[in-house]
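J.: Make a model of the complete structure from these sequences and hints.
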Amino acid sequence: MACLTLEVVMGTRGPIPERSEARRRRNKDDGPKLAQAPSGPPLDLPDLPDPDPLWHPIATDWYLSLQESGQAVFYQPSDWAMARYAAELMSRGLSSDRPPNGQYVSALDSVMARLLTTEGDRRRARIELERKPAGPQLASVKPLDAYRDLAGG
Numbered sequence: 206m207a208c209l210t211l212e213v214v215m216g217t218r219g220p221i222p223e224r225s226e227a228r229r230r231r232n233k234d235d236g237p238k239l240a241q242a243p244s245g246p247p248l249d250l251p252d253l254p255d256p257d258p259l260w261h262p263i264a265t266d267w268y269l270s271l272q273e274s275g276q277a278v279f280y281q282p283s284d285w286a287m288a289r290y291a292a293e294l295m296s297r298g299l300s301s302d303r304p305p306n307g308q309y310v311s312a313l314d315s316v317m318a319r320l321l322t323t324e325g326d327r328r329r330a331r332i333e334l335e336r337k338p339a340g341p342q343l344a345s346v347k348p349l350d351a352y353r354d355l356a357g358g
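Under the numbering used here, the first residue of the sequence shown is numbered 206, with each subsequent residue one higher.
No false leads were mixed into what you were given.
Result set (SDA-like, lysine to any residue): computed pairs, CA atoms no more than 25 Å apart in a straight line:
{"hint": "1", "residue 1": "Lys238", "residue 2": "Asp284"}
{"hint": "2", "residue 1": "Lys238", "residue 2": "Asp249"}
{"hint": "3", "residue 1": "Lys238", "residue 2": "Gly325"}
{"hint": "4", "residue 1": "Lys238", "residue 2": "Phe279"}
{"hint": "5", "residue 1": "Lys238", "residue 2": "Asp326"}
{"hint": "6", "residue 1": "Lys238", "residue 2": "Val278"}
{"hint": "7", "residue 1": "Lys238", "residue 2": "Ala318"}
{"hint": "8", "residue 1": "Lys238", "residue 2": "Arg329"}
{"hint": "9", "residue 1": "Lys238", "residue 2": "Met317"}
{"hint": "10", "residue 1": "Lys238", "residue 2": "Ser274"}
{"hint": "11", "residue 1": "Lys238", "residue 2": "Arg331"}
{"hint": "12", "residue 1": "Lys238", "residue 2": "Glu324"}
{"hint": "13", "residue 1": "Lys238", "residue 2": "Gln281"}
{"hint": "14", "residue 1": "Lys238", "residue 2": "Pro220"}
{"hint": "15", "residue 1": "Lys238", "residue 2": "Thr323"}
{"hint": "16", "residue 1": "Lys238", "residue 2": "Leu248"}
{"hint": "17", "residue 1": "Lys238", "residue 2": "Arg319"}
{"hint": "18", "residue 1": "Lys238", "residue 2": "Leu334"}
{"hint": "19", "residue 1": "Lys238", "residue 2": "Gly219"}
{"hint": "20", "residue 1": "Lys238", "residue 2": "Arg336"}
{"hint": "21", "residue 1": "Lys238", "residue 2": "Thr322"}
Just so you know, these hints were derived from the structure itself, not from any lab.
T.: What follows is the structure, given as C-alpha cells:
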C-alpha cells in the first residue's frame, strides 16, 4: 500500500487570497505551491466514529459535512479527533441555556479554521477544491448568431 504524504503550509493573516483562476498577475511568486483537491468526499475515507447521538443537530450536521468535503483528503487521524472535539464543544455550546461568550466562540472558530472548513481558510493555506458545475451547461448562442447571419436575418 502506497502512502501519500501531502505537506500543507499554514495560512497567512490578512485578506483572503483570490482563487487561482481569478488572479490577474501570475508573474509574482505567491509563496508555497498551491495544493488542489477534488471537491466532494475523498475516495479513501477511513472508518470514522458515528456522531454522538446526544450532540446538537447542528454539531452533527457539521461533523458529517466534513466527511463529504474535499479538504478531508488532507486529514490525518488526529484531525478527525480534533473534528470530534470541535463538534462536542459546538454541541455543548448550542445546547446550553446560557448565551455563548466571545472567548468560547473565538476558540471554536479557531479549531474550525485549523480544519480548513471555509473556503477562506483553505485559500490562506494555499489549498483549492475543484468546483463542480452548478448545473447543466447551456449551449453558446454564437452558432445561432452565425446561422442567422448566413440566413440573412
